Amino acid sequence: MHEHDSPVGRTSPAGQSDDELLHPEWTDRFSDYLDDELGDEEREAVERHVRECAPCAAVLDDLRRVIDAAAALPATAPSEQVWQAVSSRLREVRAEAPAATRRFSFTMPQLAAASVLLALLSGWGALRMLAPRRVPAISSINPGAATGSAAAVPVNVGDFQYADPQYDAAVNDLEQALELGRRRLDPDTVATVESDLRIIDQALDDARRALVNDPANSYLSGHVADTRQRKLDLLRRAAALVIDSQL
Amino acid sequence: MTAAIAATFSVQARGATGVESDVALAARGDASAFERLYRTHVARIHSLARRMLGNHEADEVTQDIFVRTWQKLGTFRGESAFATWLHRLAVNVVIERRRSYAIQRQRMTDDPFALDEVTVRPARTDLVVDFEQAIAQLPEGARAVFILHDVEGYKHREIAVMLDVATGTSKRQLHRARMLMRKHLGAV
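Going line by line, the protein sequences match chains A and B. So the first sequence is numbered by this note's numbering: it starts at 1 and just counts up by one. So the second sequence is numbered by this note's numbering: it starts at 1001 and just counts up by one.
Same shape as in the complex, but just chain B (with noise of 0.2 Å):
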């Protein structure tokens, strides 16, 4: 029987994932343990505060993406892989953030003529800076929505709670955006 018992210790330890007992560390206030947990999201996270607020707002963003993140560690159920949970709260803190801002980035809301301006050239050395260039060219809302849909991957359903619009309106400022974005490209 303690053979069983010893077994039954190691199977267990050997069951817990990587992430999964840096979350339960962390959520004990393991501060090492929160660190890797930075460490393996940070670069999903800051990229999507970068794309959806620009350069100048992501590196603040992200700081209050992970403190709340932190604080709000005790609540993680597992029910949703920690990286689905996660991105989700960066989302719903990149949209306050987007709300707050919106007055004084109406400027960039909606001109349908920004693409227009940029200078297709034909031959590129460094097409992903270029595409990102783009992308924060694009009218505020077929920006949001190109990049949670086409970048993040949610649907349609989801990008609509989330930005508090119609499916409908999702879909065409998809569509909006996908046609400035294939000027870009070169294609016209």
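Bound conformation, chain A alone (with noise of 0.2 Å):
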């Protein structure tokens, strides 16, 4: 019997190199052996051969310290000017294809997590749609009309505040979250936002100067709330781009 510890390299006592030693029916299986390829009762017989066999365990612990060796070699970077061209190709490609025809696929996880931040925005303004709406009195606004005088209350646009406190918090909020993220969204999409705001802005300023003039216009007043509400929409999915964004 072989002893386990006898050098490999050298030649045995008869002259033969530990090569000639080995017997290849067993070492061929080392490699699966090594692993895990082997059934159970193949593996015992591999293990006991070795056990048995000096110069097999010799190349057995030799193949685990090329596996050892492969793993552990370090990755090392290219010069610097493999990114030069990189980038100058990149220039090209850029100039070719405009960045607005790429497309950016939303995965499972990405859609989700927009759809819960919609959800719980859509919660809240579904809450307050509900809830009673604080619309003032005519005769808060206008307590000439009330009494039936046709002495008109000169009374600002800034005053008709519709005392609603949560949705121009909210608006804040979500122009302050959009301001914040902007640099992420395609500047089109940026432009196009600030359009459509602006557009419905201004209709809503128109709206309330007319229902100065006109207080007890109930489609004025309806459409000042739809107009509020459309804002707030616009709002939420350009926010929605925000957060895609950063996912």
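Simulated from the structure, these hints should not be mistaken for lab results. Note that the coordinates shown come from a computational prediction; the quantities given were computed from them, not determined experimentally. It is possible that some hints are incorrect.
Said to hold, decoys possible - Which residues of chain A face chain B? A partial, calculated answer using Cβ under 7 Å: (1) A57; (2) L63; (3) V66; (4) I67; (5) A77; (6) A85; (7) L90; (8) T192; (9) S195.
What the hints assert, rightly or not - Listed below are the simulated SDA-like cross-link pairs for lysine to any residue, each with C-alpha atoms no more than 25 Å apart in a straight line: (10) B/K1072 x A/R29; (11) B/K1183 x A/S88; (12) B/K1183 x A/V46; (13) B/K1072 x A/R94; (14) B/K1155 x B/Q1133; (15) B/K1072 x A/V46; (16) B/K1155 x A/Y33; (17) B/K1155 x A/D61; (18) B/K1171 x A/E47; (19) B/K1155 x A/R94.
Claimed, not checked - Coverage of chain B stretches by chain A, computed from C-beta distances (three or more under 8 Å per stretch; other residues unrestricted): (20) 1025-1033; (21) 1039-1045; (22) 1056-1067; (23) 1080-1094; (24) 1170-1180.
Built from N, CA and C at the ideal position, the CB exists for glycine as well.
With the hints as a guide, bring the two chains together.
As structure tokens, this is what we get:
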């Protein structure tokens, strides 16, 4: 029986090299053994053999060292010239295909996250819509109308607060979020959102000014409420885009 | 409710990792974000190209890989880690190049005695360099499997698909490579 710790590379007393002492029918299985590809019986058979054959046991140890050395090989970065070349080629690619044509596909986790956010915001909006509208009584806007007085009380547009601080605070939060995240959005998208907001704000101002002269006009008051809701919806969609860009 | 909205925004912002943010930004055309991705991953990608194809082709192939990454970034679904997706793309590019250079590299394909010519020095000051050099001298088929399996960590069934060989062939080539590399470690 060979001693397990007989050094590899030497020859046996009979003049044979260790390679000649190997048993290929066993050593050929060593890689599968080390990679856990053998069944239990075959695995045990290999282990019995290496307990009895020092040269084969030495080969098994050598193969373990090869595997460990390969797994530990370091990764080395190339010279900066490679990045310069990549950067140059990307400029050519971008020149041929504008960024606007690039689609960004959302994964299910990203869509779910955006949906949760929109649900939270929409839920708040639904609660607001279900709660009694805190529309001030006509008399409080124009006291003269309730008494039949022909005298119209001049009211500044700014007085039409509609007493909805939660709506105003939500709009303010969303506007701030959009401002903080605008650099993450496509410039065309930002321009479109800002343009739409200006149109909506102008419509709100126009409606409010009209209400000054016609405070009993239910159509105008409903129009103001609907326009405010449109502004909130637009801000929610823009905020969702900012969130998506961060995912 | 306004505090809840603000909290939701901050939670969402904290949840996004740097890599995921850069992938999303780069997919929208942000060159700075793409450069960050490049610098994070180029070492492993370049090392793969160098070991599979040789020093003289590694730089050019690395460029090809990252240009293709830029072009295909919009198809990344996030179903696997970005590093895994990128590495698989890199392996595909390397294998394509390997096939196209198969004729020119025939001199390195099946010389079973390649490593017999390597002088085994009793003492080495840079074992890593020697090990890399030994890998470079492996027969081509054995080298490819050895790198993909033992260096990069792919399984035989994956390697078989990549190289269009049978799983058994992959296993035999790996064992052959390991036995040849064993000689380099001075075991015999």
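Go through the numbered hints given earlier and state which of them the structure violates, listing their numbers in rising order. Going through the list in order, the structure violates hints 1, 8, 9, 10, 11, 15, 19 and 23 and respects the others.
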